[in-house]
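*Asks:* Construct all of the structure, not just a fragment, from the sequences and the given hints.
Take my numbering: the last position of the sequence shown gets the number 943, and nothing is skipped along the way.
Treat the hints as calculated values from the structure; they're not laboratory data.
Quick list of the computed label-pair ranges, beta carbon to beta carbon:
#, residue 1, residue 2, range
1, 105, 167, 39 to 49 Å
2, 106, 234, 48 to 58 Å
3, 885, 214, 29 to 39 Å
4, 888, 375, 55 to 65 Å
5, 538, 396, 49 to 59 Å
A virtual CB, placed ideally from N, CA and C, is assigned to each residue, including glycine.
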Amino acid sequence: MTTTVNWRTPKLTIIDSRGLPIRQIEYLRKVAASPVETLITRQHYDAAGRLLEQSDPRLFGIVPNLATVYSLSGEPLKVNSVDAGWRLSLAGLAGEALQRWDQRGSHWRTTYDRLLRPIAIEENDQPNVETFTYADVSADPAYNLRGQLTEHLDRSGTLKLDSYGLLGQPLRETQTLVEGKPYVSSRTFSPLGTLLSQTDAGDHQQQSRYDIAGQLKQVELWINDSPNWQPVLKDAQYNAAGQIIEQRAGNDVLSTWTYDSVDGRLWTQSAQKNAEPALQDLEYFYDRVGNITRLEDHTFQPIYFANQLVDGHRDFTYDSLYRLTSASGYDDALPSDVPGRPLPGDPNNRLNYSQHYDYDHGGNLIELRHVRAGASHTHKMCINSTSNRGVRWKSGDEPDFNKLFDRHGNLQDLQPGKALQWNSLDQLESVTLVKRDDGPNDEEFYRYSQGVRVYKRHETHTPSLTHFQEVIYLPGLEIRTRDNGEELHVITLPSGHGSVRCLHWVSGKPANIAADQLRYSLDDHLGSCALELDQQAQVISQEGYYPFGATAWYARGSEVDVDYKTIRYSGKEMDDSGLYYYGARYYAPWLQRWVSADPAGDVDGLNLYGFVGNNPICYVDINGEVKWPSMADFHAATDRIIVSENASYAKNSQASATRRLRQQMNKQVTRHIEILGFTKRRTRDAGQQLSAMGSGSDIALAATRRAMVLVAGKAISYGVGLAVGVGAQSLGIVAPGVGNVVGAGLGIGAKIAVSGLVDYVAERTGLSASVNLKTTKLSPEKIINKAEYKQMEPIEYLKAKYQNMNLSSQKSGLKLTKEATTQASSYILKKTLTGLPSEAVSAISSGVGVILGLPEIFDETIGAGKEKSSEKMDKFEIGILGLADAIKSSIDSIHEHADALSVTSFNGIDIQSLDKETDKITGMLHSLVKTIRTHRNSGKAAA
Numbered sequence: 001m002t003t004t005v006n007w008r009t010p011k012l013t014i015i016d017s018r019g020l021p022i023r024q025i026e027y028l029r030k031v032a033a034s035p036v037e038t039l040i041t042r043q044h045y046d047a048a049g050r051l052l053e054q055s056d057p058r059l060f061g062i063v064p065n066l067a068t069v070y071s072l073s074g075e076p077l078k079v080n081s082v083d084a085g086w087r088l089s090l091a092g093l094a095g096e097a098l099q100r101w102d103q104r105g106s107h108w109r110t111t112y113d114r115l116l117r118p119i120a121i122e123e124n125d126q127p128n129v130e131t132f133t134y135a136d137v138s139a140d141p142a143y144n145l146r147g148q149l150t151e152h153l154d155r156s157g158t159l160k161l162d163s164y165g166l167l168g169q170p171l172r173e174t175q176t177l178v179e180g181k182p183y184v185s186s187r188t189f190s191p192l193g194t195l196l197s198q199t200d201a202g203d204h205q206q207q208s209r210y211d212i213a214g215q216l217k218q219v220e221l222w223i224n225d226s227p228n229w230q231p232v233l234k235d236a237q238y239n240a241a242g243q244i245i246e247q248r249a250g251n252d253v254l255s256t257w258t259y260d261s262v263d264g265r266l267w268t269q270s271a272q273k274n275a276e277p278a279l280q281d282l283e284y285f286y287d288r289v290g291n292i293t294r295l296e297d298h299t300f301q302p303i304y305f306a307n308q309l310v311d312g313h314r315d316f317t318y319d320s321l322y323r324l325t326s327a328s329g330y331d332d333a334l335p336s337d338v339p340g341r342p343l344p345g346d347p348n349n350r351l352n353y354s355q356h357y358d359y360d361h362g363g364n365l366i367e368l369r370h371v372r373a374g375a376s377h378t379h380k381m382c383i384n385s386t387s388n389r390g391v392r393w394k395s396g397d398e399p400d401f402n403k404l405f406d407r408h409g410n411l412q413d414l415q416p417g418k419a420l421q422w423n424s425l426d427q428l429e430s431v432t433l434v435k436r437d438d439g440p441n442d443e444e445f446y447r448y449s450q451g452v453r454v455y456k457r458h459e460t461h462t463p464s465l466t467h468f469q470e471v472i473y474l475p476g477l478e479i480r481t482r483d484n485g486e487e488l489h490v491i492t493l494p495s496g497h498g499s500v501r502c503l504h505w506v507s508g509k510p511a512n513i514a515a516d517q518l519r520y521s522l523d524d525h526l527g528s529c530a531l532e533l534d535q536q537a538q539v540i541s542q543e544g545y546y547p548f549g550a551t552a553w554y555a556r557g558s559e560v561d562v563d564y565k566t567i568r569y570s571g572k573e574m575d576d577s578g579l580y581y582y583g584a585r586y587y588a589p590w591l592q593r594w595v596s597a598d599p600a601g602d603v604d605g606l607n608l609y610g611f612v613g614n615n616p617i618c619y620v621d622i623n624g625e626v627k628w629p630s631m632a633d634f635h636a637a638t639d640r641i642i643v644s645e646n647a648s649y650a651k652n653s654q655a656s657a658t659r660r661l662r663q664q665m666n667k668q669v670t671r672h673i674e675i676l677g678f679t680k681r682r683t684r685d686a687g688q689q690l691s692a693m694g695s696g697s698d699i700a701l702a703a704t705r706r707a708m709v710l711v712a713g714k715a716i717s718y719g720v721g722l723a724v725g726v727g728a729q730s731l732g733i734v735a736p737g738v739g740n741v742v743g744a745g746l747g748i749g750a751k752i753a754v755s756g757l758v759d760y761v762a763e764r765t766g767l768s769a770s771v772n773l774k775t776t777k778l779s780p781e782k783i784i785n786k787a788e789y790k791q792m793e794p795i796e797y798l799k800a801k802y803q804n805m806n807l808s809s810q811k812s813g814l815k816l817t818k819e820a821t822t823q824a825s826s827y828i829l830k831k832t833l834t835g836l837p838s839e840a841v842s843a844i845s846s847g848v849g850v851i852l853g854l855p856e857i858f859d860e861t862i863g864a865g866k867e868k869s870s871e872k873m874d875k876f877e878i879g880i881l882g883l884a885d886a887i888k889s890s891i892d893s894i895h896e897h898a899d900a901l902s903v904t905s906f907n908g909i910d911i912q913s914l915d916k917e918t919d920k921i922t923g924m925l926h927s928l929v930k931t932i933r934t935h936r937n938s939g940k941a942a943a
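*Replies:* Have a look at this one:
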């Protein structure tokens with residue numbers, strides 16, 4: 001009898017003979033005691049081990065979710081996603097993207113300088129849509145400008161960088177939008193790259209201080225033309241794990257956090273000013289894997305209303321895939337299904353609610369049932385049969401997905417009449433809020449630079465007037481203006497937990513609101529703004545949220561104060577459209593999904609629209625690309641990244657560090673797998689060679705095997721080349737002369753290719769392993785270099801076969817002599833034996849190649865019969881142990897990346913399975929060392 005949904009629901013990874021994961025099997029149980037459903041995700045690889053296709057359980061057999069075509073260098077050339085469409089990239093010799101195309105018909109061409117730095121981007125035959133200017137050697141060294149980017153021009157305007165720090169952070173920048181007004185910002189950094197002070201474009205200043213561990217401890221603000229500095233964060237304390245445990249804000253509100261001593265999970269979170277009643281008092285309860293099952297709000301005063309006890313607590317349940325299946329809490333109004341900013345509800349109408357969620361096998365939320373006394377309803381989503389694109393749906397109203405989404409999966413309408421316009425980079429360009437047939441529409445427009453939003457304009461129209469609001473986003477500052485002459489500077493400041501925003505009016509301050517108002521946000525574990533407090537710790541607003549981000553209840557102080565609230569769920573800004581801006585894309589809380597596909601690809605799974613893996617109680621998304629367990633975990637991980645890479649200076653540095661870390665982990669995992677493959681094969685070969693050392697019969701057998709592979713390779717390649725060449729001679733019937741030449745060329749090409757592939761297979765199976773023990777074959781340098789050369793691929797193997805050859809060595813000399821003699825003999829035979837058919841001449845030439853290959857085998861056989869010196873065997877043993885240490889360092893690095901990203905698998909590769917394979921290979925190395933020592937002790941090695 002199953003007592004929980006997780007009973008016997010493991011996650012399995014199936015690997016092929018190469019150690020590549022080809023299936024992930026998950027067992028889905030939605031409620032306890034119900035049968036499980038088997039969900040299988042499939043991966044398909046080519047002969048070189050490159051991932052070609054990925055299919056989720058819903059679309060398998062219909063269309064791959066993600067398909068990749070690779071270039072000859074092994075880099076992705078074309079990536080085709082059922083959600084995001086296809087992209088094609090043509091790289092240069094150094095891997096730089098020269099040209100790019102996409103399914104929407106856009107084409108980019110990038111020009112680089114001699115240092116391979118981009119200097120200009122052409123888009124759809126329009127030159128210089130972006131330009132980059134760099135300082136040369138004549139730049140003033142006092143500003144560290146040499147070689148640095150000094151000007152970036154794009155459609156939003158111009159960014160000039162006037163000075164850099166020692167670690168490469170921009171110290172002073174000037175942002176000039178297309179309207180022409182410059183905005184100057186400056187910063188100073190510590191030697192470790194942490195921000196010490198900042199002067200924004202409004203000449204407001206902020207200073208930050210840190211403890212000995214580099215954790216934020218104090219923040220102060222000086223507003224332009226004010227007499228004094230004022231504290232924003234007075235103090236912050238952290239535990240040994242780097243988790244914040246206490247902070248005192250500038251309004252003297254003391255916030256505290258406690259954690260479970262065993263697993264470090266957040267237990268309680270509270271905030272209080274002096275002896276006054278608590279402002280926040282939350283307690284968290286978890287299941288065994290860390291999902292939050294209950295959240296108790298101890299500041300809520302239980303009430304009885306409409307025959308219900310409303311206690312303020314929230315409960316959550318999950319299926320065996322840890323997706324949220326139900327949630328309960330309280331709200332004060334019917335959830336709005338109309339996009340837009342939330343309106344305050346009726347605090348006297350607070351009732352309990354429950355929500356229930358159903359998902360398809362692709363991870364799409366297809367049904368939400370909201371149960372509340374007198375206000376129950378059900379929302380259904382219709383998902384496209386060949387992708388994860390989905391829209392709100394009613395029975396009988398079949399959607400046309402080709403009209404509702406563009407070719408890249410960007411939603412075209414929030415609702416009928418509310419159109420979305422996207423630029424060529426799939427960034428939201430405008431939203432139609434009110435469509436009019438007899439006049440201009442009410443709209444909101446956006447501009448971006450370097451991937452982040454820098455400008456927003458909201459326009460509303462009446463028959464006689466046009467009203468507008470504008471926002472310019474700058475480092476640490478938002479400049480908000482209105483057509484009535486109001487200019488507001490919103491200064492954003494860091495805090496240990498939560499956020500602080502200062503509202504400073506340059507002109508047009510409304511009545512009944514404090515000048516230079518400081519707003520302190522008390523956030524929950526997701527970073528959502530639950531309370532806003534002023535400088536006296538008085539409540540400005542309170543807001544609660546449904547699990548997927550829509551507002552469940554909303555209370556305010558004064559109407560004027562609340563009009564300036566912009567930060568809500570997950571600490572993100574909500575636009576007038578009702579969309580949350582996350583950075584990389586926009587989120588629609590009433591749809592519980594993103595309105596465009598994930599620009600980062602499949603980093604969060606094959607469904608590019610799903611929101612935080614359908615577990616919004618335990619995960620957050622920082623910038624619209626990757627889910628994180630919590631805000632605290634995110635900050636701890638990115639702090640490690642920032643310190644290690646000295647990259648804290650960058651705009652949106654946390655998101656950039658995340659992307660870099662994932663790229664690094666991808667390279668590290670790929671490199672590690674190749675190292676294991678090379679080590680396994682060469683350890684096997686070395687063991688056989690060591691066993692054969694001194695044994696005439698074993699040496700003879702190995703030499704015979706090598707010779708047979710040589711003969712077989714020449715015979716097979718000759719046979720295939722002959723067959724293709726003879727078959728292709730039919731071209732001569734169609735085009736005499738030219739057709740015969742082409743046919744002969746095809747035959748020669750087939751012969752060369754098959755010969756190379758035979759060599760490739762022989763090396764992989766050990767059939768072509770040297771007769772003689774090569775003690776340098778297992779050196780860490782050679783194994784790692786081979787992994788980095790990517791010689792696992794047949795074509796790359798052919799390119800590298802004669803690369804970096806040391807002409808002074810006997811081995812290389814034999815190879816080079818054999819190759820040169822083979823080519824020369826082939827040429828001479830064709831010139832002298834003119835009376836024989838060309839097929840006969842090729843057969844004789846192949847025979848010559850076999851004969852010329854025998855001296856190399858003979859040389860190896862003689863070497864195998866000789867005893868290895870004790871010094872050489874000692875070096876062999878040291879090299880093997882060094883390789884074992886290098887493999888351990890490699891897997892340790894993978895674990896560090898995985899811990900920072902809070903993942904247990906990556907690109908379908910289970911880290912635990914990789915650990916087991918690593919242990920297996922290092923075990924082989926240590927066994928080989930024991931064999932060497934036994935061999936030495938038995939007297940087989942020379943004294």
